[in-house]
Amino acid sequence: MSTQTAPKTKPQIAFFDFTSCEGCQLNKLNLENHLLEILEHVDIVEFREAMDDKADAYDIAFIEGSISTPSCVERIHDIRRRAKILVALGSCAVTGGINAMKNLQPIEDVRETVYGKDKYLFPTLPAMPVSAIVKVDYEIHGCPMSIPEFLVVFKALVMGKQPIKPDSPVCVECKLRENECLYDRGMVCLGPITLSGCDAICPSFGQFCTGCRGLVPDANKNAMLDILTDHGLSLQEAEKRLLLFNSYKQPDTFK
Amino acid sequence: MSKNLDINVHHLTRVEGHGNIVINMKEGRLEKAELQIVEAPRYFEALLKGRSFHEAAIITSRICGICALGHQIASLKATEDALGLEVSEQTILLRKLLVNGATLQSNVLHVYFLVAPDLLNAPSVFPLIPTHKNVILRALRMKRLANDIGDIVSGRAVHPITPVPGGFTHIPTAGELKELRRRLIEEGLPDVVETVKTIKSLAGRIPDFVRETEYISLQDKNEYALYDGEIFSSDTGATAVRNYRDITSEFVVAHSTSKHARHARSSYMVGALARWNNNHNQLTEISLNAAEEMGLKPDCYNPYLNNVAQVVECAHCVEDSIAIIDRLLELGLKNEKPNQTPTKYGVGIGSTEVPRGILFHEYEYDRKGNIVFANCIIPTGQNLANIDDDMKKLVPEIIDKPKKDITKQLEMLVRAYDPCISCSVHLLNVKFINDSED
Chain A
98 MSTQTAPKTK PQIAFFDFTS CEGCQLNKLN LENHLLEILE HVDIVEFREA MDDKADAYDI
158 AFIEGSISTP SCVERIHDIR RRAKILVALG SCAVTGGINA MKNLQPIEDV RETVYGKDKY
218 LFPTLPAMPV SAIVKVDYEI HGCPMSIPEF LVVFKALVMG KQPIKPDSPV CVECKLRENE
278 CLYDRGMVCL GPITLSGCDA ICPSFGQFCT GCRGLVPDAN KNAMLDILTD HGLSLQEAEK
338 RLLLFNSYKQ PDTFK
Chain B
9 MSKNLDINVH HLTRVEGHGN IVINMKEGRL EKAELQIVEA PRYFEALLKG RSFHEAAIIT
69 SRICGICALG HQIASLKATE DALGLEVSEQ TILLRKLLVN GATLQSNVLH VYFLVAPDLL
129 NAPSVFPLIP THKNVILRAL RMKRLANDIG DIVSGRAVHP ITPVPGGFTH IPTAGELKEL
189 RRRLIEEGLP DVVETVKTIK SLAGRIPDFV RETEYISLQD KNEYALYDGE IFSSDTGATA
249 VRNYRDITSE FVVAHSTSKH ARHARSSYMV GALARWNNNH NQLTEISLNA AEEMGLKPDC
309 YNPYLNNVAQ VVECAHCVED SIAIIDRLLE LGLKNEKPNQ TPTKYGVGIG STEVPRGILF
369 HEYEYDRKGN IVFANCIIPT GQNLANIDDD MKKLVPEIID KPKKDITKQL EMLVRAYDPC
429 ISCSVHLLNV KFINDSED
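Chains as they are written, first to last, in this note's numbering: chain A, 98 to 352; chain B, 9 to 446.
Chain A extracted, bound-state conformation (with noise of 0.2 Å):
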C-alpha cells in the first residue's frame, strides 16, 4: 500500500566536504534514531565519506568545510553549477570557522611553522566560507553544526518551505534555559553577541560560548570587548577571544 502513494522521485541530495575535520558530517550520522526515516524521504546520491557512488545533479548539495585551496575553488564552483539549492553546514562553511584562524598569521609563516623547509609543496589560500566564492541558499550554524537546526532546515527544505533563521543572541536561549550566568560564576563568555541556534548548549554544561556559530547581525565589537575587559582579560586577549570561530571577518567590518 505505502508505495501507492510515495513520490516517484525523491529530492536528491549530496553532501560535500571540504576543509574541515568533518566532524559536521559525523554528527549527521549521529542522527542514528532519525536517519532511517530521513532515508525515506530523500535519495542520497553522493556522499563520499560513506559511500561510492556519484552523480551528475543534485536537489540539494549540502557542503562542509572551508575554501582553503587553488582546487577547492575549481570543486566549488563546479558543484554550484550542478546544484539547484546549495547549503553551507557548519562553522567552516558558513563563516570559515576555526580554519580561519590562520589568515591573522602572514601565511608564509603558518606554511612553515608546519612543514618547514617544505612548505611549497603544498599550495593554499585564506580559509573562506563558501559564500565568498558562490551562491549559498542557507546557512545552518554552529562547530558542530547543530542537530536541532539540521533538521529544521532539511525538513523545510525537503518540503520546498523557507526556512526560518534566527537572529536574537545565545544569551536569549540560555535565559530560556534559566542557567545562571557564567558572568556570575566568574568566567567570560560570547554569548552576548553569538547567533543563537544551539540551545545555549556550551553554557548550559558550564563552559563558556565560543562565539562558535558567527555573530548577530550588527554585532557591538567595543561593548563586548568592555565586558571582556571588566571581567579580567587584557584587550589583547578579549580580541583573540572574539576571533576564536570569527577571524575571516576582519575587526574593522565590525560596527
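No wet-lab data here; the hints were simulated from the structure. Hints should not be assumed to be uniformly reliable.
As the list claims (entries may be wrong) - Going by beta-carbon spacing under 10 Å, a handful of chain A positions derived as facing chain B:
| no. | residue |
| --- | --- |
| 1 | 145 |
| 2 | 147 |
| 3 | 196 |
| 4 | 202 |
| 5 | 207 |
| 6 | 273 |
If you're wondering where the values come from, they're calculated on a predicted model, not measured in any experiment. All C-beta atoms in this analysis are idealised placements derived from N, C-alpha and C, irrespective of residue type, glycine included.
Following the hints, put chain B in place on chain A, whose structure we already have.
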C-alpha cells in the same frame, strides 16, 4: 601478460578525508605504490601559537570530528603536564569512560558502515538497509549508546564541551550513569555478542595478506591501554612518552600533505591491531572470547584484520565502561571544580590512544599561559608509510587478478586502517590513470 598496471583512485570513498591511491607497474617492475594525501592543509600547529591554555583543547578538538575526544584528551594532558595541573581520580575515570565511548562509536561506525559494504559487495551501507535491516538497527543502537556516553559525560559527542584543563565543567549525575550502566548491560553486551557473530560470518571474505611490521601503541601495566601508559614498540620495547620524538621521527614527502613517520624499520603500524598485538593479554574474558571466535590470534600480521581487532575493542569498551561506572558510583560523584591554577610554565607532552592509534600533543607555554610552540603527531600520519609498504608487497602478490579486483583490494587495505585524513590532514581516493591494461 605484460604486467603493466596503472591505478589511480582519486578521492577514495568511505574513508575520512581526501586521499588517492596511485600504483604504477611497468613490465613487472613496481615503480610507484603510494597513498597520496591530498587533504587541504589545516595548519593547526600555527593556529595554536599565542593561544591561551583555556582555548588549546577547544581548537585541537577541531582537528577531527571523529577523534575530537582523543585530541581533547591528548591536549588536556599536554597542558596539564606543562602547567603542573593535577587531576582527581574522578576526572581520570570520567575521561576513561569518554575514551571508551569514543572508541566504541568510532569502531562501530567503521566496521559496520565503511568496511562491511566491501565484504558484502555493496557500494555503501545504504543498499544494505532493506536486506540487512536488523544488523543496521543494531549498529545504530550501538552507535547511539556510545554517543550517549559522550553526550552525557561531555555534553556533546562531537567536539565535547565539558572536558577542560584540570577537570570538567559539569559532572553527570549518579542517575544518568546508572541509566548508562543499565543500557551497557542490557543493550551493549548482547549487541557486542551479535556483532561478533556477524563479523565471524564475514571473516572468510577478509583478504589473506601477511606482512610483519613494527607495532607501536601505549602500554599500561595496570590495564589495556587506551587512556594512558608509556610507549611500547614490538621491536624495541618500552619508551617514556617524553621521548616520543625518538619514535615518531616525522618527515615530509611530496605526495602527502600529511607528514610520514618511521622508527626501527621503514614504517610502523599503530591502531587497534597494534594494541591487540602489544596488549592482548590484558583483555578480559569477554573480549578474548570474541577474538577467538572471530579467529584473531596474537601476533597477527594481516593489516586487514585491524577491523576484527576493532570489534574486539568494542567488547572491551562496553565491559570496561560498566566497571568504570561501578567505580564512580562507589566513590560517589563529587561536584569538583577544575583545577586551573598553574604551578609552573614550560613544555608538556600528552599521549593517548585514539581509535586509529597512538596520538601525541606537545605544547610549550609562556609565563602568561599562552602557547609558544605546538606539535601534534597523528595516528594516520604514522600509518601512511606502513600503508605504502603494504601496497608494495601486496601488488606483486595479486598482479594476476583483474584490475578492478586489484583496485578493490587496495581500497580495502587503506580502509582497513580506518584512516582519518582530516586528522593527518585528510585522506585519499584511488583512480585509474591509464586503463589500457587490464
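Checked hints:
1. 145: holds (5 Å)
2. 147: Holds. Min distance 6 Å.
3. 196: holds (7 Å)
4. 202: holds (6 Å)
5. 207: Because about 4 Å separates residue 207 (chain A) from the closest Cβ in chain B, which is inside the 10 Å limit, the hint holds.
6. 273: violated (18 Å)
This entry does not satisfy hint 6, going by the numbered hints stated previously; all others are met.
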